[in-house]
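Go ahead and model the full structure; you've got the sequences and the hints to work with.
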Amino acid sequence: MGDVWVPLALSLKVALWATAINLVLGVSVAFGLSRWRSPARELVDSILTLPLVLPPTVLGYYLLVLLGRKGAFGGWLDRHGIELVFTWQGAVIASTLVAFPLVQKAARAAFEAVDPQLESAARVLGLREVAVFFRVSLPLAARGITAGALLAFARALGEFGATLMIAGNLPGRTQTLSVAIYAAVQAGHDDTAAIMVVVTSVTCVVALLLAGWLSPDHTRRSRP
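Position in the sequence shown counted from 1, then plus 563, gives you this note's numbering.
Heads up, a few of these hints could be off.
Between beta-carbon pairs, the in silico distance windows are [what the hints assert, rightly or not]: (1) Ala-583 - Leu-771: 47 to 53 Å; (2) Ala-757 - Ala-676: 37 to 43 Å; (3) Tyr-624 - Val-760: 23 to 29 Å; (4) Gln-749 - Arg-598: 45 to 51 Å; (5) Phe-649 - Val-621: 17 to 23 Å; (6) Ser-609 - Ala-757: 35 to 41 Å; (7) Val-768 - Val-748: 20 to 26 Å.
Note that these hints are calculated values from the structure, not bench results.
All figures in this text were calculated on a predicted structure; none of them were measured in a lab.
We put the CB at the ideal spot given by N, CA and C, even for glycine.
What follows is the structure, encoded as structure tokens:
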């Protein structure tokens, strides 16, 4: 069972970090897009959604080009003693990139569903824009954002291609659960792979059920 719990613990750590980062970045970008009135808005949204449709190996290649020692940003990191390739932090970056659109899309839809009259009323009462965001917009959009975060967590937990390319397959260091399943199948350890598959499937199903329960559509259907 040790072959299961070590990669599971690492996967959970990577997925939690990726989800936390995406909550900050995704919510910020989603709120900006929901309030931005420009013909370029949908183009920006399409670019931000690319990780959903691009093959994970392509994303992994981009990360290697960017963060590798010979990359534009990776060279700067190397000079400052920061190494991201073949580390669990690199796996976090890969999972964050892949799962970002799920948070951004859900958060944007949630913010666009907020009644603008409620925000206007808060401004009339003297609240500044920051206070309007934290006391009106964010609480009203919280369920949709949480649903998106759960979907992003499930996606980050199962990330394989980009993680394998940027973080590698180092047992106990960068070998996440999905990579460990691949390694177990390649090595002929079918029993271990089966256990890992069940653990991953159950975790993702629970996250999807919670996301569905928290979605605004489910809330509206539940009302009498």
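Consistency of the hints with the structure:
In this structure, Ala-583 and Leu-771 break the distance hint of 47 to 53 Å, their C-beta atoms being roughly 19 Å apart. A hinted range of 37 to 43 Å for the beta carbons of Ala-757 and Ala-676 is consistent with their spacing of about 42 Å. At roughly 27 Å, the beta-carbon separation of Tyr-624 and Val-760 lies within the given 23 to 29 Å, and the hint holds. Our hint of 45 to 51 Å for Gln-749 and Arg-598 holds, since their Cβ atoms are close to 49 Å apart.
Checked against the hint of 17 to 23 Å, the C-beta distance between Phe-649 and Val-621 comes to roughly 19 Å, which is consistent with it. Range check, Ser-609 to Ala-757: about 39 Å between beta-carbon atoms, so the 35 to 41 Å window is met. Under the hint 20 to 26 Å, the C-beta atoms of Val-768 and Val-748, about 21 Å apart, fit the expected range.
Violated hint: 1 only; the structure is consistent with all others.
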